[in-house]
Structure formats: C-alpha cells, structure tokens
Amino acid sequence: MAKEELITFEGDVTEILPDARYRVKLESGHEIVAYTAGKMKKNRIKTLAGDRVTVEMSPYDLDKGRLIFRHKDSGSGGPRPGAAPRRPQFRRR
Numbered sequence: 001m002a003k004e005e006l007i008t009f010e011g012d013v014t015e016i017l018p019d020a021r022y023r024v025k026l027e028s029g030h031e032i033v034a035y036t037a038g039k040m041k042k043n044r045i046k047t048l049a050g051d052r053v054t055v056e057m058s059p060y061d062l063d064k065g066r067l068i069f070r071h072k073d074s075g076s077g078g079p080r081p082g083a084a085p086r087r088p089q090f091r092r093r
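Take the sequence shown: its letters are residues 1 to 93, numbered as in the UniProt record's numbering.
Think of the hints as simulated: they come from the structure by calculation, not from any bench. Here the structure is a predicted model, which means the values were calculated and not measured. Among these hints, one or two may not hold up.
[What the hints assert, rightly or not] Here are the computed lysine-lysine pairs in the BS3-like style, where the Cα-Cα straight-line distance is at most 25 Å:
no.	residue 1	residue 2
1	25	39
2	64	46
3	64	25
4	3	64
5	42	64
6	25	41
7	39	64
8	3	46
9	46	72
10	3	72
11	72	41
[As the list claims (entries may be wrong)] Distance windows between CB atoms, simulated:
no.	residue 1	residue 2	range
12	93	25	49 to 57 Å
13	89	41	18 to 26 Å
14	27	91	41 to 49 Å
15	71	31	41 to 49 Å
For glycine and all other residues, C-beta sits at the position ideal for the given N, C-alpha and C.
Construct the entire structure; sequences and hints are all you get.
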C-alpha cells in the first residue's frame, strides 16, 4: 500500500512557540501548530512572526504541520539600509 500524499497549504506565522514550533494561520482561516522541517534547520533559515510560509500536512491530522518553505517578501532578506556592514566571522592571520 502506498504512502498517503501530503497536503500543502499557505499561511502566515502568527506566533513563535518553544521547541522550533510556530502557530500558523492558514488562508482558509484555520490555525495549526507547525514545526520547522529538517532542511530549513540544516540551512539555518529563520522564520519570524508575520512571515508567509508553505506548510505540509498529513490528511490524518489536520491540526499539525511541517514548515517546508518561507516565502521571500520585498522586506525580508539582504542587508538593511543604514545597518553597519558585517565583518567576516573568522580573522585571517
């Protein structure tokens, strides 16, 4: 028997919870608790309240999900104007 297909939804992060969990309000109006996917942890992708995200959910439990993608907005990412330039993490000798 084949594995069930996962359902994907888009929504907005409304609250950051402990243990890398987030409260997400889906476009349909439902609120779920979602955790960060392993690839997002591995690549150190940070998610903040107000970010637009894509969530994967199992058809068996529609109250929990997995954040698989953080959408880039015009205001997110890149250096902020007026911010000090970042120094390299390691010094060469």
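Here's how the hints hold up against the structure:
{"no.": "1", "hint": "25 - 39", "result": "holds, 22 Å"}
{"no.": "2", "hint": "64 - 46", "result": "holds, 20 Å"}
{"no.": "3", "hint": "64 - 25", "result": "holds, 12 Å"}
{"no.": "4", "hint": "3 - 64", "result": "holds, 18 Å"}
{"no.": "5", "hint": "42 - 64", "result": "holds, 21 Å"}
{"no.": "6", "hint": "25 - 41", "result": "holds, 21 Å"}
{"no.": "7", "hint": "39 - 64", "result": "holds, 18 Å"}
{"no.": "8", "hint": "3 - 46", "result": "violated, 30 Å"}
{"no.": "9", "hint": "46 - 72", "result": "holds, 12 Å"}
{"no.": "10", "hint": "3 - 72", "result": "violated, 31 Å"}
{"no.": "11", "hint": "72 - 41", "result": "holds, 17 Å"}
{"no.": "12", "hint": "93 - 25: 49 to 57 Å", "result": "holds, 50 Å"}
{"no.": "13", "hint": "89 - 41: 18 to 26 Å", "result": "holds, 19 Å"}
{"no.": "14", "hint": "27 - 91: 41 to 49 Å", "result": "holds, 47 Å"}
{"no.": "15", "hint": "71 - 31: 41 to 49 Å", "result": "violated, 19 Å"}
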